[in-house]
Each structure stands twice: as C-alpha cells, then as structure tokens.
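Student: Take the sequences, apply the hints, and build the full model.
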Amino acid sequence: MTKIGLEIHCQLTKLASKLFCSCKAEYRNLEPNSNICPVCAGLPGSLPLLNKKAVEKAAMISLALGCKIPGKIGFFRKNYFYPDLPKNFQITQYNAYGPTSIGSDGKMEIEGKEIRIRRIQLEEDPGRLVYEGTSEKTMITLVDYNRAGTPLVEIVTEPDFETPKQVRKFLNVLADLVENIGVSDPYLEGAMRVDGNISEGDGNRVEIKNVGSFSDIEKALLFEITRQQSLVERGIEVQAETRHWDEARRITVSSRSKEEEQDYRYLPEADIPIVLIGNESLDKISTQMPESIVARKERYVKKYGMPAQVADVLSSDRFYSDLFDKSHNEKNAKEVSNIITTDLMGFADTREKKLELKITSKHISDLADSILENKLTRNSGKLALQEMVKTGKALTDVISSLDLGHVSDAGSIEKIIDEVFKEEEKAVAEAKQNPDTINYLVGKVMKKTKGKADPATTLDILRKKLSV
Amino acid sequence: MNLGISATEFVSQAKEGALSVEEFVAKTLDRIKKIDEKIHAFITVDSQNALDKAKAIDKKIKSKEKTGICFGMPISLKDNICTAGLKTTCASKMLENFVAPYDATVTSRLKSEDAIILGKVNLDEFAMGSTTEFSYFGPTKNPWNPEYVPGGSSGGSGASVAALECLASLGSDTGGSVRSPASFCSVVGLKPTYGLISRYGLVSYANSIEQIGPVAKTVEDVAFLLNIISGHDVHDNTTVNHGHVDYVKDIKAGVSGKKIGIISQMIGDGIDKEVASATTSAISKLQDLGAECIPVSLDAVNHSVAAYYTIASAEASSNLSRYDNLRYGFDFSTEGYEFKAFISKARSNFGPEVTRRMLLGAFVLSAGYYGKYYLKAQKVRTMIKAQLDEAFKKVDYLISPTMPILPFKVGEKIDDPLKLYLTDINTVTANLSGIPAISVPFSMSSSGLPIGIQLFANSFQEKELLQAAHALQETSKLPEMSL
Chain A
1 MTKIGLEIHC QLTKLASKLF CSCKAEYRNL EPNSNICPVC AGLPGSLPLL
51 NKKAVEKAAM ISLALGCKIP GKIGFFRKNY FYPDLPKNFQ ITQYNAYGPT
101 SIGSDGKMEI EGKEIRIRRI QLEEDPGRLV YEGTSEKTMI TLVDYNRAGT
151 PLVEIVTEPD FETPKQVRKF LNVLADLVEN IGVSDPYLEG AMRVDGNISE
201 GDGNRVEIKN VGSFSDIEKA LLFEITRQQS LVERGIEVQA ETRHWDEARR
251 ITVSSRSKEE EQDYRYLPEA DIPIVLIGNE SLDKISTQMP ESIVARKERY
301 VKKYGMPAQV ADVLSSDRFY SDLFDKSHNE KNAKEVSNII TTDLMGFADT
351 REKKLELKIT SKHISDLADS ILENKLTRNS GKLALQEMVK TGKALTDVIS
401 SLDLGHVSDA GSIEKIIDEV FKEEEKAVAE AKQNPDTINY LVGKVMKKTK
451 GKADPATTLD ILRKKLSV
Chain B
1001 MNLGISATEF VSQAKEGALS VEEFVAKTLD RIKKIDEKIH AFITVDSQNA
1051 LDKAKAIDKK IKSKEKTGIC FGMPISLKDN ICTAGLKTTC ASKMLENFVA
1101 PYDATVTSRL KSEDAIILGK VNLDEFAMGS TTEFSYFGPT KNPWNPEYVP
1151 GGSSGGSGAS VAALECLASL GSDTGGSVRS PASFCSVVGL KPTYGLISRY
1201 GLVSYANSIE QIGPVAKTVE DVAFLLNIIS GHDVHDNTTV NHGHVDYVKD
1251 IKAGVSGKKI GIISQMIGDG IDKEVASATT SAISKLQDLG AECIPVSLDA
1301 VNHSVAAYYT IASAEASSNL SRYDNLRYGF DFSTEGYEFK AFISKARSNF
1351 GPEVTRRMLL GAFVLSAGYY GKYYLKAQKV RTMIKAQLDE AFKKVDYLIS
1401 PTMPILPFKV GEKIDDPLKL YLTDINTVTA NLSGIPAISV PFSMSSSGLP
1451 IGIQLFANSF QEKELLQAAH ALQETSKLPE MSL
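If you read the protein sequences in the order shown, they are chains A and B. Residue numbers 1 to 468, in the working numbering, belong to the letters of the first sequence in order. Residue numbers 1001 to 1483, in the working numbering, belong to the letters of the second sequence in order.
No lab work stands behind these hints: they were computed from the structure. Computed from a prediction, not measured in an experiment: that's the story for all the values here. One should not assume that every hint holds.
As the list claims (entries may be wrong) - Computed from the model, here is a short list of chain A residues facing chain B with C-beta under 8 Å:
1) 270
2) 271
3) 274
Virtual Cβ for every residue (Gly too), placed ideally from N, Cα, C.
Tutor: So, in structure tokens, the structure goes:
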C-alpha cells in the first residue's frame, strides 16, 4: 500500500507586512534587495517584532482545518547555515517540547477519506537564491532577501493519502480554503509550495522536494510510486532519501547527501514573548472568519435542498458561492444554483475567465425569476446567460435583442401545432397509436419557436388535439 | 576644571551655565589622548563630532533654547551597542568594519536628551568574558593599577568612567558584565530587570538574560541615566510597559526599617578574605542606618554558574550564526569558495573564547543532549527564580560581594576558562532570574584594589534598589583617581 504525507508551505499573501518587520509581505516584482530592513536582513542588534495579524491568519487556517489551538504559542529557532537565511536560523515553531505551534491534530475530508493534519506552524520564508551563468564553472549564486521574513504557514499532514489523485484533490480544496478565508492568494507564483513524502508498504520514506505546481506534485508522486514499486519487485530496498523533482525530465532525482539528517539545534526564540491565545481572542477570530466551505455546503443542502453534489461544487468555489449568496432569494435559490453550477461554471472555469465575467448578482437573480415565472425557457435562459456574460447587458435587453421571449399563450402555440401537424402527418398518426412518440412533436414545436414555447403548455395542447 | 565631578553635578553646572560644555569635552578628549594608551578603554573616539555637539549645546544653553536633560554630558558606549555612522565592532574581527545603519534605542534616547557620545569602549569579544582580555583589539587595563584586569566584559565602560575619560557609560550585563567591571574599577554599575531597557541595537550574545546597564561614579548618576534609557520600546517585544518611574526622586530615602538578606552561598568558600571583611563591614553600616540584616539561603545558587554557561552558550551559538561574512564583516572575498568551505574559513576568525562558547552551545542544543543540558539548565533557572520569590517575601533586598575575589593580574587566569567562569558565581543569579542587581564601590584592599558590594531587589524594584545603593555608597569615602 502506498502512503503519502504532505508538507505544504502557504504564504499569508493577504498580509501587508512581513512576519517580524514592517517590510512589505508582497515581494514579487521588486528590485532585488530593495524590500529589506535591519530586521529581515538580520543585521546585528536588530530584533524581530511579531506581526499579530499573522498569528490571527494562521489561527484562522488552523480553525478551518479543525485543529486544536493551544492557549500559549511560542517560537523556536531552527539553526542551519544557508545563504538565503540572513540570520542562519529560521524563526519557526516546534512541538517537540510541548505543543506551542498555532495548530495541531486537525483533519479534512476528501471524497469520504479523512486526512489528518499533524500540525500547523507559523514561520518566516527565507530569501531567494538566483543562479546565473551558463556552465558550472561560470555559475554564480545571487541572493535576494526581498522574500526573507514573508509570513508562511506550514501545514503538515499525516501520511493518510493513498493515491496522487487524492493529493491533487486535497491541494485544490486546500487552495480554495485559504482563498475562502481570505488569508492567501494560492495562485500567486510561489505562494503555495508542496513537499511530499512517500513510502510503499513497510519500505523507507522518500521525500520529494522542489515541486513547482499541483499538477507536477501529482506527476512526481506517480513517478515515485512506479520507481519504488519496480525497485520492490526486483527485491531492491528503497533508500530513505530526499529526491528533487526534475521538471524538464519529469523524473525525481536523488539530491545526494545534501539534505542528510540535519541537526537543527532547535532553541526557544527569547526575543518573541509567548503569545497568549485566550478563548476570547479565539472567539473574536472565529467571528471574523468567513463561513467554512463545509458549513456552507451544509447550509446549501439543508436550507435550499440542493443536491449534495451541487452544494459541494458551489461551496468550494469562493467566487461562485459569493455570487450565489448575493443572487438568490428564498424562492429562486435552487434555480440560481442550477444556473451557476450547470451553465455559468462551464463558461468560466479558470481564474482568468472568472475575472472577465461581466455578470452581476442581479443578472443571475433576474434570470432565475424569469425562468420560474415561465417567461423564459431554460434553453433560452442559457442563451441569455451567454450574452449577459459577454456584454453585461440587462436581462430584458438581452431577451429582446435575441428575441428570446417566452411563447406561453395557448393561442400562439396552437397555431404552431397546427403547422406542425400539416408537415408531420406520419408522425401525428403514429403518435395517436403510440403516445410515447409524442415527444418528437414537442421537439418540432420547440424547433419552430426556437425553444421559446412553454413545454408544459405545448404538451397539454398536443394531447388534447391527439386525444391521447 | 575638575573632570572628577559626577554626571549629576555636571548637569547642574552646565544647566546654570557655570561650566562650558565645549571646554569640558575638550579636556576630556585631551585626557583620553593622554592616558588611554595605558588603559585602552576606547576602541573608537569620535572627537570632532563630540566637539561640534558640545559647541551646539553651549549655544543652546546660552540662548535659553530648550536643551535635553543631559546638557552635553559626555558618555561612552560599549562597542556592542549600535551607533549610526560610528563603528560597532563588538571587539571582533568579524565586525571590524561594521557600521550599523541605525541607532540602538538607548543611543537615540541619549542623543535626544543631548548626551554627547564620545566614543565606543572595549569589551571581551561579543561580550564573552569577565576580564576584557578577549578583545580583538587587545585588553583594557584597570585604571587603579594597569597591571590588573578591569573586570568584564564591559571593561571599557568601567575603566573609562573610573579613569575620568567620560562621566558615564552604558555597558551590557549578560552574566555580570556591568557589575564585574564596576566592582573592579570602583564605580557603580546596574543590571536592570530583564525587560526594563530596550535591547534594540544591542548586539545579542545571550538574548534571554542580558540587559543594557548604566555605569557611573554615583548611584544618583545611574538613576539619572535610568530615567532616560528605561521604558517600553516598540522595537523590542520583550520590554515591559511599567509606567513612568522617576528613579532620582526620593533617592535619599534610606534603608531604615528595611530587611536585607545576606546570601549564605555567596560569602562562603572561595571568597577572598578582604572581600569577606568588606562585606561584613557593609552589612554593619547598613544596620547602623536602621536596616535589619538576616541570613538567607539560596541553594540553587550552587548550580547557577553551570546553568548560566549552558544557557548563555546555547543562545550565543545561535545568535552568532549570522556572522558568516556574506553580508557585512571584514574584507574577504567569497570568490572561488564553495559555500560550506567559505563559512568555515570566515568563521575561523572568531577569537578563542567566542569559539569555545559557540561550540559548547552547539553541543548542548544538539539532538540527544538538549534534555540533558539545556532543559536542565532551564530547570535551575526556574528553581532560582522560585527561591528568590520566597526570599523576597521575607526581605526587601539581598546582599553579597559583587565579585568573590579582588581584581587579578592581566594574563593570570586567561588560560583557565573554568577558573574565570567561577568568578561569575555572585552575578549570574540576577541574569538567570531577571531581577535587578547593582554593584556599589565600597572599599579598597590593602593593595589598593577596589572592592564592590552587590545589592539585589525583586523585579522592577529599581527605585527601591537605588535608594539602598545610595545609602550604602554614602557610608564610605573612597580615594580619588590619581592616574
């Protein structure tokens, strides 16, 4: 059996400043080493000042993942030498001497499978190394400390995943979650980074690092499973090691001794006093939290009778669920959810496309009402939606310009039925014998009215005329 | 012009226009030029800037402009306290050319009160040592007898004040580093409560126990400096918002009716006879002033030196990791080195004592030893604090000699780190527990070497501590500096 665990680093990109100083948390697209100060550059005599908002955001993630939050949290120094670390230690959290990290013992359900969250810790991101040069001989390493000190949350799962597909799904849900609670924009470059560890049966654990995207982690894990299984088949023991994902060659490569068992000599960070998190402040944080995806799903099912699958799809997408919450009223909720999940999400399934949408909650609400009031068929509704998405025009304008108005008065429908009867004598005769074929005639009427005739009225009149 | 006046006297004379700040500063600079080659208290002297400032302050005083309460008082800073535009070397090759782009909070508070920073004074490299012999720039000598050590690590602070090269100084006290030189140089030195003074801009050695502390000729001067440099600082999360206290006001309140505990563990074995008799004499003088003195036993003190060196070394090994010469440091190109090789090469430039403590610290923190050493040391710390809390339920102050021995000769103990470490036995307790302690000059040995007495009070009781220290200082008349 395959066992996979994850370590996810998620930057708190929605914060204005770094974890321990007032430099900007958004370091992207800046001149190298321009977003630094004595604190994040680790100059002698500087002291870290804890960004309390970062603690709140990390607590939100912990709450959203059902973690326990201790009454006191503390910070530790993880000591190791590396050029991207200005102090040659990283300020992070550590639980070996009692739980002091912001979250522990949480869980998240993915397709009926429970993934346990071991711990969540708040820490600083190191700087970035940039390599220049064409060959090993001419290669130089440049250091950019703009990123150093960016607030980061590390989420560590238990090895509860059995397939790379579950991992992918989990990561998508997690990305939705951090976006939903407003702590991070997971789609920014480098905002969410994943390391995996994987083992087959009782075999050794292999760590996979340096994976750039969610789709690559799936590929890297798949590759690694195949590699480990073929070793096992040949009776070769899997080495406990760290392997890097080689994006170009699409394989994992042993990173040799570089990441050998390091002794990080953890030490309590005395410059940052213990932070007390009382029930009161937890309550306050909870009230600031948007409704969780799970709670929202439950609300959709219970309050509006949405099918679980529809509720699932809708609640996990912050953009569309917000749109739903703004568009619907008690009467049209189900129709609104149908419009969003079956039509709108099909038009715009990517982030870029969502941003281009010209649709507002009023469009959706009007559309649902028109359908419910029989002013528009669902078919016409889809056409109207397509137009509104592109142009942003009001529903009434779209209906008249595309001539989508509903034909529901019996007189007009009867006239059209008469026309159809003339053209389809054979079918009429057949329908009289076998009423099951009546739908063919309904279809003909719809075709003539471009889908605008009310299907129920049409069927009624047809039945009368055919006396079936 | 008498350079031997106290800072308080200087301020009151300068305020009235009774002395020229420029003249005082110029005379002080002359004295530094003349005698500092014998003492070697200073690493950097900022003469021109000091004279310019003095002139400007004289002008302000004359024209009755608003002037800061130091009125041009010349002061020296230990060279591990950052000063924008002026080197902060920590007496190390690693920071030989380091100029901080910012002022420490204490520096900017002094500047804004019109203190004149004459220069930066010597210390054991990164404040690790008890004698100021471990400086990359060479040792500081005791002004009372230059063959003897001035104590440490703030030896430059103690010596510069004692030698009348400045009116006051700021040192830092991690395990006694302000009080040891105060005792050996016959000046006053205070280790304040942890969290009373901002450490922003103090280059960290052992950040959970160290504090910046004032050094001056009189207790009143120390109180005056404390008024300026203490208090909550937004740049240091460990400072405590304790409200405003005027440490000078009521400093003459005396000790009548107070209870003083004599720490048994600090006057027993290994203590110099003359130090012991000075302590007895100090106790009887305090009793004469109306204090009641009773013996107090703090047996956790027996483990304090071991706990101190474990904790301080552990923190040092982490705090000093950043000195890899990549971003600042001495002239040494990275070219041609692989990262690890570069790091080892660069970091081999630390001196022997710093290297010793970094290795010791890395060891006690390493996997498998953390519980055996570091955690145990933290337990001792908790024990000491608990025993002190108990003691302070019964007494207002505690008393001991500051140093168990008299100043010794330069070079005498430098090859025996353990012997040196044991001289910290009376001072480290205040650091491990966070409580304030002060060394008051009390007498001179038969050989003419200073003896200081140490008083402790409970956390944030500096006002009361200074009152007792003032009373004690008033009981003795000590010789003037003849150098």
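Student: Now tell me if each hint is right for this structure.
Tutor: Each hint, compared with the structure:
1. Taking 8 Å as the C-beta cut-off, the interface hint given for residue 270 of chain A holds, the closest approach to chain B being about 3 Å.
2. Because the beta carbon of residue 271 of chain A sits about 6 Å from the nearest beta carbon in chain B, less than 8 Å, this interface hint is met.
3. Checking residue 274 of chain A against chain B by beta carbon gives a least distance of about 11 Å; that is not within 8 Å, so the hint is violated.
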